[in-house]
Amino acid sequence: MSLSAHLPALQVVLPLIAAPLTVLLRRGQLPYLLALTASWLALAISLQLWVQVDQGGTISYAIGKWPPPWGIEYRVDRLTAFVLVLVSGMAALALPYSRDSIAHEIPHEQHYLFYTMFVLCLTGLLGITITGDAFNVFVFLEISSLSTYVLIALGKHRRSLLAAYQYLILGTIGATFIVIGIGLLYLMTGTLNIADMGRRLADVQGTRPVLAALAFLTVGISLKLALFPLHHWLPNAYAYAPSVVAAFLAATATKVAVYVLLRFYFSVFGATQIFTELPMQEMMLLLALSGMFVASAIAIFQSDLKRLFAYSSVAQIGYIILGLSFGSATGLTATIVHLFNHGVTKGAIFLLLGLVTLSVGGTSLARVHGLGKRSPLLSLGLVICGLSLIGVPGTAGFISKWYLLLAALQTGHWWLVALIVMSSLLAVVYVWRFVEVSYFREPRKDLADPSPLPLGMVIPSALLVIATVYFGLDTSFTIGSAQQAAELLWRACVEFVCSHAIDPGLPAGASVGQHTDQPGRSAAQFA
Amino acid sequence: MLGSILISLAGRRPNLREGITLATALLLLLGTILLLPTILAGARPSLALWSLMPGLEIAFQVEPLGMLFALIASSLWVVNSIYSIGYMRANREENQTQFYVCFALALAATMGIAFSANLLTLFIFYEILTLVTYPLVTHHGTQAARDGGRTYVGILLGTSIVFFTPALILIWLVAGTTDFVPGGILHGQLGHAGMAGLLALIVFGLAKAALMPVHRWLPAAMVAPTPVSALLHAVAVVKAGVFSVLKVVVYIFGANNLAEAGLAGAADWLVVLAGFSIVAASVVALFADNLKRRLAYSTISQLSYVTMSAAILAPLSLIGAALHIAAHAVAKITLFFAAGAIYTAAHKTEVSQLDGIGRRMPWTMVAFSIGAISMIGLPPAVGFISKWYMLSGAMAAEHWLVVAVIALSTLLNAGYFLPIVYRAFFLPPRAEEADHPHGEAPVLMVVALCLTASATLLLFLFPDLPLALARQAIIF
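In order, the protein sequences belong to chains R and S.
The opening residue of the first sequence carries number 2 in our numbering; numbering runs sequentially from there.
The opening residue of the second sequence carries number 7 in our numbering; numbering runs sequentially from there.
In isolation and in its complexed conformation, chain S is listed as follows (with noise of 0.2 Å):
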């Protein structure tokens, strides 16, 4: 079962053509399809590779959580794939080649950190995965990309390296092992004061979370293709920042472990700074013109809802947070395949310029709208039930500092979002565009947003599997 996985993590290396790419995207899904009945089942099938040092092994275990996030990441590829035929193509981007390779390669490490057995196998995972979008954010190879591209290095890679590797050891040297183990492995070894130390550590080394103020690279990689902003900077490598601060804080630290310890008080500075990184994310993004900068800071803001829950400690908020890596993955993803339909279409990049083009797009904006129904938390779109989850966690836990943030950003996603949908549809188009006629981006575009879009409203109505999936990790 899980070799077929790794067959298809090494034989998409070689890709050069679209077609390849398509082919192993829906092979890596099957597989993971494959996968999921005998993880429901409550198997865990692992493969342990080869042992990097004495006592610390390169291995895989599939468990619910990194099942949940591979189902994400690998069924988004297939409906990005097709999409990015349709940018690359409508684009003319130059070095197609290395751009699908590169992708391919960020999927395979985005695997890797959802199959990781161990904090290790998903640190090494986890850096190859910024080493290989490099060359992704940084395509265009203009001046812009290459200070994007240097901001992006330098905090993924720095933080990882000055945060995220002491913190690995640190781990090791303690508790003895790095493995994922569910209810954790740290007993109380540390005190109080090392515990808080510690997941600083880690969250300021998981930098691919983007709390404040690690979040700069996020912006700076907007330089890159919208597909690549799309998957990688919606889903794959942002959500393999919360997933692994997620898991670490479920299978590392315990969540129960913490609670049982008296040291839940050690994660409280956590909630804080998360809970003012939503609403100062969301203030940002309040005033940004550019839709990709928007964006961008919509996923800071929505990203630390996912650390913020997990910081609670929570069942409850727990499993929300794991929804919501699933809920945020498919509005972000709809979000930005519309921003770039756009840019396609109808070469605008800012939220100013889009006065009426509802009219003239209506596949796209409404897909857009569903997005951003999503993201404010509103029924019918999934949002709305993770929402619900963690929101009712935060009162269980009696945060009602974190039930009031909710509460304001909530309120701010509105103030960001709805504006987009009013101007595209009520605000009649800007007189001097009347000479530049276009419609809808090219079909295979529109395809992947509208696939998307209906996956937001789908996940709603049946919000079963990723909640069984997300149960089974955190309720044992």
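The following block holds chain R by itself, in its conformation from the complex (with noise of 0.2 Å):
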């Protein structure tokens, strides 16, 4: 067998095997050129498997050559591979980052460290994403779990540490509620395959453990992916972790946890009729709604720029969990789209953060007056991004909230476009408080003369907010990627026994795949 076929494997094997050899060569730059390397690969395999996947469809690999439902299975579909781009792609621009950015932050006998859990969280993720099996979710979710935990205790605050143990707390919460979840589906159908699952799982729908599953797995994985209320390890964790830290996980580690979301969802929950019989929509409507407002509320009265930015991603991820709550294939479009959209933004952000703390030493808004006149492009680079969490065209953004807002019209909902709107408000509001700061209040005294700042931190950064405003421009990746996952997911879901599931009010068949491309036909209905 040629390599390209032992490609999902090697995704996942080839930074888990990088990592412990991190530790055993933990001199000089070896650590980090090891790390860099493995990261750089995973991209290229990444990339790789998106081009076989767009080629030749869904990719099934069986580990040791056991046939799935019995061995494990690693599954590569189309939402999968544009997933795992995202993340090895962060991954591969935060390297390059880091070996400055933690030069300023972290001790340095604990270098190695660092770069060990980096590529160990890099393997929980991608091994979340990529894996077709249950349990297999689990325990990639603790290796990228257990990592970060140590990844954010690595700041050099002293309130990094507690955000690493508040994190730890709800995050072992969300751990432990995920594998009773998965436990339950286990005992009723047999099988942690999950497309085995999906199958079996239509007959012994509506019984009480499968019930009990779907709740635990969702306050789990919602814990996971700071669904607002259960979002308060969020902020500390982003603002106390090294800059790095938090520019990769505001990218990625919500947004994977919004995938293994969707994965359980559709591809599990998807066949059985439980999302027309609970009140399931209206549940993650509300929670996303009250999310898009008080998460937003809270970032206009933060005084620190990482907190308000970290306050800024719960209100985005309300809009991920929007889209998933119109039950319709341009929802969960959007959901896609705008998990990519913002995993972009965010992290091209906390970049740009890092390299504030590292230029004017912190980044309460205090410390950023006259930002503008001291490095006049790493504030525009703010402000891009800024707008690109408002929705301004030209931002990648705005594709995302195209999207949902033509999900909302699509099915209707009319007051839902006046809310989302009318959050994008209150982003306009907490991005200005930083414009303003930033170019209308002198410089502080205090500070030297700015220095150039390492061309290492200020690549990666210029590259992301290059990417915040080219997926605004050209969305034939985002959105080709976004539309053909979502569609896949929703077939899948509609093929089985739902052909009327998830939403009733909407002819589910006529969705899929038609008004994405031609609206006029949808619109007869709308009217």
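A couple of the hints might just be wrong.
A short, non-exhaustive set of chain S residues, derived as facing chain R with CB atoms under 7 Å [unchecked claim]:
1) ILE130
2) ARG152
3) ASP153
4) LEU163
5) ILE167
6) VAL168
7) ILE175
8) LEU179
9) ALA420
10) GLY421
I should point out that these hints are in silico values taken from the structure, not numbers from a laboratory.
Small disclaimer: the values here were computed from a predicted structure and weren't measured.
Beta carbons are placed, not taken as given, at the ideal position from N, Cα and C, and that holds for glycine.
Combine both chains into one complex, guided by the hints.
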């Protein structure tokens, strides 16, 4: 068998091997180079997988040649490939950034540890994404979570420890809930393979253990993805972790959790009537909306940029979940697109905030006075990303918002349209707080003259800012992938029992794939 | 042909000094003029850049209305560049480089709006225009500038997000396209209430048209340096607003479509609201003592003429609306130039300080008077012609309310402009000013304002070109 057939395994195995190696070869630049190689190879592999999936459809890879559902299956479909590209891409950008960044933030003797944990975290996130086995999801989730706790605790702030501890407690509760949920499902279906589980669940749907499993999984995953009101770990974790860790987490960790949610909802529970019988949609809608408004409102009153953008993340996760709750293929597309776009935007913001810390010694609003005069490009980058959070055309955020609004209009949710645009206004307010401080205040006098920032940090940040604009102008990759991924999930759902499930108000069969390219058709129903 | 414009659009970004600004301004004007014969001959050169989302392109197309708008903006930019060099030097402003760069970007965005081939492209450039003019509005960096800038961005960005984005998506959903097509793309897919609602979203979403009650950004923006107020808030930004309204009415709704579908009434509320804006803004202007503030409220009132005429949907009044964009542009820029010249030479900002200033600054004040005459709508200024068309349109459509509003506001216009002229020429200067002698403003500024004043007169004598363009757009 050629090497390319083993790419799904290599995607996870390579960083997994790299992690202990960085501990063994802890001297000098070796851990850095090793981690860098691993992350770039991971990116190359995930891009290659994306191409393969794009051309040949879903890839199923049996670990150890044990055929699924008995053995562990790695399953790469369009959604998987898309998320893999996001995760490995962010890692590939974060690592070059990290060398100069951690030099200022982490004691030298702990550097190798940082790389080990970073690569482990990457392994975990990639593993969660690629595996087709429910228990495997849990295992990789633990790998990524445990390494994340360490990464956060590496922050130089004393509160980093507290933040890590807080995340540890909540994250463990979440993981426990998830494993309970998976256990219950295993109990009822006798399989751990996700696809198989979905097929078998139809027979036992409606039984109490299945409902309990759904509840445990929903709460557990929601904790991980920081869905309001389970978001309390997030602001501290982002604010006190080392900059590069905050960027990587903001861009990937919560997004992978969303992916897990999609996986379980659509690939496992999608084939059941549960969503028509339970008010899941309404519940998600409510949580998403309150997240959008409450978290944005809290963000407005933050005095530290990292915390401000952390709360903005909670709000943006609200948008992601909102797309899910429409129960339409377009809404799902919006979710998947925003998952990517927000990952890129927030990644850029936190990388830039790392530069800000380096330049003015902190990220509190009082410290960034006059940043626009001190470092015009840095400030401009933050403004551009801020505009993307608002959803100004020409940035990635606009594309997400377009699809969200489109989904809301298609399903006839007029009042939601109003709410979505209102919450964007809150984003204008918190972004403009930064703009005014940066451009209308004099720089602080106690700061040394600006010294040139390390290129290793500037280039990845700049690349991500450019990506934020690029994905707002050329959407063939993002929209193309997201649409196909959404259709695939949706069809898997529709093909089974629930041809009229999810949303009885919408003719599900008609909504797949048609209205996305021919809006005129569904308009008749809309008007 | 179009390439020349696009190259100049891109090439203007790194401008550092006035020379380059002037050269690019001239180049842009030249490019636009070169395109003119093609358009008059009926051709519609277009250029699709790339696809933003499936079925949604960023594309440009040159059509008569856009041509008219581009001509106004690019020719006035040349004059304004001359003026701002004089102004910025005389007042020793800071951050001049940033000023010129943002100015060029703002013009690029304006050109993008003028030549956009679909509503999405228009929207993108519309937002860019808001963002690049923000640094211009807040140029002074003071507390007042910050507050003004906050209102400016808050209203313009807020309304476009809250109203325009949903309207845009709704149009796309209903019509399956956002292209500007002569005759409109909405053919009765939405009912009466739907049309009225959509129109409301559009008109309030395009807050740059400054229809009440979303007009407050315009007085707030007057904290900007005068050349900014002159070009952007007399020409580029506000005209982008009304131009977009006009374009949407003509190419998206389609005036004939509306009339045929018996939906003409959907725009009635807009006529009333615009009429109210005209009168109310004029009354505010009547009592404003700050000269720039008076001019700002006059702009609000004049812009609502365009919106109102567009909402009447009669061909004649649509032509009048298009003409009024041009007429108001040249006249109002003259007035703002004059205000800036007065500030530079005499450091006066209030109307009540202007006694006898006409004797010291004769050129400036004569130009001011010409602008004022055009605003009132008297011959021999171009304002008369556009008002003529708008009135004929209103009469043809038997909209007597509109006729009454135009008549009333003409009186009000006279009421707030003529006293300034009277003060300047017929009242003796105040005694305490005798020891502060001053003459005209720097020569570059005077040249610029004389140019625009003479344009106001020339367009009255030779209105053929804008008229031809407007006719082509509205009557195919």
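Do the hints match the structure? See the list:
| no. | hint | verdict |
| --- | --- | --- |
| 1 | ILE130 | holds (4 Å) |
| 2 | ARG152 | holds (5 Å) |
| 3 | ASP153 | violated (10 Å) |
| 4 | LEU163 | holds (6 Å) |
| 5 | ILE167 | holds (5 Å) |
| 6 | VAL168 | holds (4 Å) |
| 7 | ILE175 | holds (5 Å) |
| 8 | LEU179 | holds (5 Å) |
| 9 | ALA420 | violated (41 Å) |
| 10 | GLY421 | violated (38 Å) |
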